Amino acid sequence: MMETAKALALGFLFGWSLNKAGLTHYARIVNVYRLRDMTVMRFMLTALVVGAFAIQAGVDLGFASGAPVPPTSMLANVVGGAVFGVGMATAGLCPGTIVAEAGEGRLDAWVAGLSGLVVGAIAFGLMQPVIMPSLARVGALGRVTVASLSGATPWLVLLVFGQLVALTLVLIARVGERPARPERSPNAGPPSLRY
Amino acid sequence: MLGSLPVRPRLFLIAAVVLGATSRPAYAQCTSNASSCVTCHETQGLRPVLQSVLPWHVDHGFGDLCASCHAGDPASATKELAHRGLRHPLVDPSVSCVGCHTDDATARAQRYRAALASATPPPAPPAPPPRPPQAAASPGADRALAALAALLTLALYVVIRRELPGEARSWTSRLRARAWSPYAAGALLGLVVAFSEVVCGRPLAASGAFDKLAAYPGRWLFPSSQYYGHVMQPGITWQVWLVVGVLAGSFASSRLSGEARWRWLPDTQWRSRFGDGRRARLALAFLGGVLVQVGAGIAGGCTSGLAISGGAALAPGAFLFMAGMFAGGIPTAWLWYRGRGDA
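Chains as they are written, first to last, in our numbering: chain A, 320 to 514; chain P, 3 to 345.
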């Protein structure tokens, strides 16, 4: 009961942040892959850095003995990511944002997006016994992190990670975005937030 | 640090030394496709059995079948929970083996009994290395400092807030805003991810919920499927409630900003590329939904469960997944928009 309430509350804030960041808009997501609007990357990378520092702090302060770490299987991660990217650039959505779009009243997400997720899950279920045993074995490192893999001090890894992300964000702002529309006035600043 | 481990420390101590002494025990992740048995014993290599000289694991190694014979809870995250109700399969084959070998469980088990009798006992595990010397940990002091840091950050914010861009707005106008700075929204999501991982011990994942929900029709449509028989059980899990929360949060946010309304097409850019028809949007949204869920299944998570939650835990797989996303997405977007640069 308590766990369900926590899940609902965390999901609520998750959906709230997706909506406030504008990730419920087709164009916002597709334009990442057209290298025109890096809002999604700003949102994701900020979440990554804040999350990484907060998780390490929470663990070191003794609130948990460790955080869940997804397994790394290099080939499966890359191949799955590529299939995922094709779908995301085709429809301008991903599993989390389909739900957030549905919450905004988008009927395409209700009718086609959600049913696509269910059909995709069943399609993967049928493929899984055939493809995953061989695919998941290539470059399987288990549930490792950069710190556990390298033996470095976690806080130093975080420092470097934070700096890399900060550098990436600054470079994205400088060179990463081509203008969204040619008729936009040249001094209009970064691509419009109005969607 | 190592003294406070929640599970029998010896195995983890060995693993921790192997991994460089800084690692912490990892929980099984809900969106993972493998059972926690396979994840810890095989993938993590804590106690691999598939290469064993004894025949039963080799004979049954074609699938993720551990729990069919050994019982326990393959969906549980921690060793204590996963090993609850564990059984020795050969003690009573009429219970352990009869799930698959309905007619001849006892006869088949006889072969394994013979192998067990002739097998030599496995060598004793190496003695754990002495625990490294460690200053007495003082989480009390750490927590006091962390609270002070949070307080000082807040004080700093209050002092300089008037000089920050866009600070003139009130809190209610911020709740009603159509969009936040992506950095602000991202920081909120980062804190949510950390709370989910540290306090709840779970990744903030969306795609896993759909695997669980799709298992209801999937199991019914494909009753003989190995995946639905042994790997994916349906259920209204924590992740499903999380997704319900996402729906509510997005509704509340867009309702407050006046953006919530029923509509079939994206607001911008779609029409200039694909026209006003609903059919094209429904077709592509469906296709995209299928592809992202299949991709998430292969990769072991989606943008939230793998890229953000896993990336915040600094798992290399999360960054490989993001590289794959761009490798697949950039050519796809180019194909959809080639020759239509202004759309």
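The set of hints was computed from the structure by calculation and includes no laboratory data.
Computed from a predicted structure; not experimentally measured.
Note that the Cβ used here is the ideal one computed from N, Cα and C, for glycine as well.
Errors might be hidden in some of the hints.
Stretch-level coverage of chain P by chain A, calculated; a stretch enters the list once three of its residues show a Cβ under 8 Å from a Cβ in chain A [claimed, not checked]:
(1) 67-75
(2) 82-94
(3) 100-109
(4) 155-167
(5) 189-197
(6) 237-250
Calculated from the model, a selection of chain P residues having no Cβ within reach of chain A, i.e. all distances over 12 Å [claimed, not checked]:
(7) 57
(8) 115
(9) 209
(10) 334
Requested in this report: Would you pick out the hints that fail for this structure and give their numbers low to high?
Outcome: 1, 2, 3, 4, 9, 10
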